[in-house]
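**Student:** For any residue, its number in our numbering is found by taking its place in the sequence shown, counting from 1, and adding 88.
Hints should not be assumed to be uniformly reliable.
As the list claims (entries may be wrong) - Distance windows between CB atoms, simulated: (1) Gly598 - Phe233: 14 to 22 Å; (2) Gln686 - Pro717: 25 to 33 Å; (3) Asn202 - Pro235: 34 to 42 Å; (4) Lys539 - Lys231: 28 to 36 Å; (5) Lys594 - Arg494: 53 to 61 Å.
Calculated from the structure, these hints are not laboratory results. Cβ atoms here follow ideal geometry from the backbone N, Cα and C, with glycine treated the same way.
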Amino acid sequence: MAANVKLYLLLLSIIISYSITCCAEEADKKTIPNDAQERPQKSEASKKMKDAAKSPLGSRYEIKSKEVFQAMINSYKKRKNVTFRHVQPQRKAVEIDGDIILGGLISIHEKHENLFCGPLMPNGSVQALEAILFTLDKVNAEKDFLPGIKLGAYIMDDCNRDSYSLEQAVNFIQGSSNIFDKSVRRCTEGTPKSKVSGVISSTSSSATMEVAKLFRLFKIPQVSVSYTDAELSDQQKSEYLLGTVPSHVSQIDAILKLILPLNLSQVSVVYEDSDYGNKSFMALEKALSTNNISVGVNLKLIKNSKVTYNAYYDNVVKRLVVQSRPKGIVMFGSNKAIAGVMKAVHRNSRAAHFLWVTSNRFSEHGLISDINYKHMETVFFLKQITQPVDGFEDYFKSLNVKTNKRNPWFTEFWEQTFSCKLPDTRLTPMNMFAKNKCNGSEELSEVKGFKIEEEAQYVSNAVLAFAYAIKAMHEDLCDGLPGACGMMKPVNGTLLLKYLKNVSFKGLSGNDFQFNEEGNGPARFEILQIKQEAPGMYKWFSVDYHKGVTLDILSEEFCFTNNGHTEPDPVCNPTCTTGQVKKYEDDIKCCWQCKNCQQYQIVANETTCTDCPYGYFANGNYTSCELNPRQYLDISLLLIKLAFSVIGTAAAIVVFVVIMREKEANEETKKRMKCWVIHGSFLCGLGTLEKGILPVVFIKNMKIQEKPTSEEDKGPDSV
Numbered sequence: 089m090a091a092n093v094k095l096y097l098l099l100l101s102i103i104i105s106y107s108i109t110c111c112a113e114e115a116d117k118k119t120i121p122n123d124a125q126e127r128p129q130k131s132e133a134s135k136k137m138k139d140a141a142k143s144p145l146g147s148r149y150e151i152k153s154k155e156v157f158q159a160m161i162n163s164y165k166k167r168k169n170v171t172f173r174h175v176q177p178q179r180k181a182v183e184i185d186g187d188i189i190l191g192g193l194i195s196i197h198e199k200h201e202n203l204f205c206g207p208l209m210p211n212g213s214v215q216a217l218e219a220i221l222f223t224l225d226k227v228n229a230e231k232d233f234l235p236g237i238k239l240g241a242y243i244m245d246d247c248n249r250d251s252y253s254l255e256q257a258v259n260f261i262q263g264s265s266n267i268f269d270k271s272v273r274r275c276t277e278g279t280p281k282s283k284v285s286g287v288i289s290s291t292s293s294s295a296t297m298e299v300a301k302l303f304r305l306f307k308i309p310q311v312s313v314s315y316t317d318a319e320l321s322d323q324q325k326s327e328y329l330l331g332t333v334p335s336h337v338s339q340i341d342a343i344l345k346l347i348l349p350l351n352l353s354q355v356s357v358v359y360e361d362s363d364y365g366n367k368s369f370m371a372l373e374k375a376l377s378t379n380n381i382s383v384g385v386n387l388k389l390i391k392n393s394k395v396t397y398n399a400y401y402d403n404v405v406k407r408l409v410v411q412s413r414p415k416g417i418v419m420f421g422s423n424k425a426i427a428g429v430m431k432a433v434h435r436n437s438r439a440a441h442f443l444w445v446t447s448n449r450f451s452e453h454g455l456i457s458d459i460n461y462k463h464m465e466t467v468f469f470l471k472q473i474t475q476p477v478d479g480f481e482d483y484f485k486s487l488n489v490k491t492n493k494r495n496p497w498f499t500e501f502w503e504q505t506f507s508c509k510l511p512d513t514r515l516t517p518m519n520m521f522a523k524n525k526c527n528g529s530e531e532l533s534e535v536k537g538f539k540i541e542e543e544a545q546y547v548s549n550a551v552l553a554f555a556y557a558i559k560a561m562h563e564d565l566c567d568g569l570p571g572a573c574g575m576m577k578p579v580n581g582t583l584l585l586k587y588l589k590n591v592s593f594k595g596l597s598g599n600d601f602q603f604n605e606e607g608n609g610p611a612r613f614e615i616l617q618i619k620q621e622a623p624g625m626y627k628w629f630s631v632d633y634h635k636g637v638t639l640d641i642l643s644e645e646f647c648f649t650n651n652g653h654t655e656p657d658p659v660c661n662p663t664c665t666t667g668q669v670k671k672y673e674d675d676i677k678c679c680w681q682c683k684n685c686q687q688y689q690i691v692a693n694e695t696t697c698t699d700c701p702y703g704y705f706a707n708g709n710y711t712s713c714e715l716n717p718r719q720y721l722d723i724s725l726l727l728i729k730l731a732f733s734v735i736g737t738a739a740a741i742v743v744f745v746v747i748m749r750e751k752e753a754n755e756e757t758k759k760r761m762k763c764w765v766i767h768g769s770f771l772c773g774l775g776t777l778e779k780g781i782l783p784v785v786f787i788k789n790m791k792i793q794e795k796p797t798s799e800e801d802k803g804p805d806s807v
């Protein structure tokens, strides 16, 4: 209740601020040109800028007139150490006319410390926008799909700021026209255009959550194409929010089903200090506790650590080696974090015995190559299964800055991609240091390392979900009449949400799509493992899949199978030789040590040594027990030994006889000592003779029977 009141008050303040600005401009009869649609983020240059920063929420982001804006710019130019970084880039939006308008809220730009909107997002921002337009073109090109109805779009940028995302969302509630560009016309004409029918969002989880609360109040369906966590899957908090990506819960479920067959009693967790990492750790900890699996060591990785890259991750791995008793480790993090830890494991051979299960928000292409190292055979990566959108790559690579006018951020994307500046664009913090000049003849197909992001599939499915929902609604409400009938003007958000939840179609990527009961996209994960393809050459191989709610049963081959390739180097699963058995570590079936059986033991199975009966020893293969044969000297050596023994014995006898005959002459000597010496020499000779005689069995079998007592003779009845 309190959250709803806060949203209502915030919305009311924004609308009042816009109205005051609008009417004030009409009274002054001034029109704000496009090049004056700037607003200060920080104020350090003049009192005017400070006053602007203290103004109400709506007018704080808006320059009152061209003269004031020019004065601000001039004040900046007078200071050599200040550039245009304090001024927010021009407010822009994609506007495509249509009978039914779909809104779009995308993080086109990054958040920046000194800029309200930083550079373009490195992955997928412009591609996500173009994927919306590409799919809309496909839908509108099918005249029989939505007869008489054209889908339009109104797409804005939230600069990856949660507060600004909420402010931009107000535009979808008030109308699909740009509030700032057309505020004067709306004040004179009175009523704005009708609101959008639904919104496609690609923003952070926290921003998506705040916007979802606002849209729930106004019953506007929202489909998110970015990551969704457990909080976003709560239908009570986000009733009008759906998602085309697998939910956070399904990812944890896939990891859990990967761990359970390995009989782990305890695991360690390494996670990045981010929204994704923290929530993943909490969800996994809860799931492990439910299945009686405890968390041994949990390490939080500092995001964007200022410490030396290799030194930081080396220290993390050393802590795991010292502190982590469990051999199973689950890791959540970004591409950089996972690659950093894996490279540190490669440098520390003592950590090679760990069993790693890694996952990140989206499985970037670079991650597959970044951790392609030796000693990584026990690394398993949970990757979302995605397919390219049919025709989108050719469409995107064919775009040119001269012809693509419907995307207001494409010129900025062009300059950032080719590290240049177009002649007709204004100076911005992103292009002011560009050394090259663009002329529009560049081609995206020639950009080294350029790739289509996997997020395009989720964006395309979001557009198609709205299209199929509108199609089903049109068929039910309009009785086959072309165009949007009266029952669809305006589109009822609650009814549209009902149709959205029941859509089922084959996307442009070729995969079947349908929202699950929680309102998320189908869970499709692939389990990858590094294998040695050739000596010194390692490659990722698919070892299993997780589709829906079940995971194929994993056998021991999952841990170390080579899929027909060269056997990998032993890591924590060495090959045991003859006479050895496996001793598992901490009940992990993937990791063991080889234990030697004793000479009197045979190998009963791969984990057990069995004692032989007394007098028996294991054969050479440790497969059966054999009677221990007595070893004898070779006949030639035995004869030589016997000869020396006879000579020594005879000499001892001669000496003894001499002593006894000459005892009177030797009375003063120690006769007793001489007798003992001669006696010892004699016994040594006899002992050598005894060893040369082969044993003879005199008693072959003897049975000992206990004599019964008198009471036992009476029989059992006497007891």
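**Student:** To test your reading of the hints: which numbers does this structure violate?
**Tutor:** Violated: hints 2, 3 and 5.
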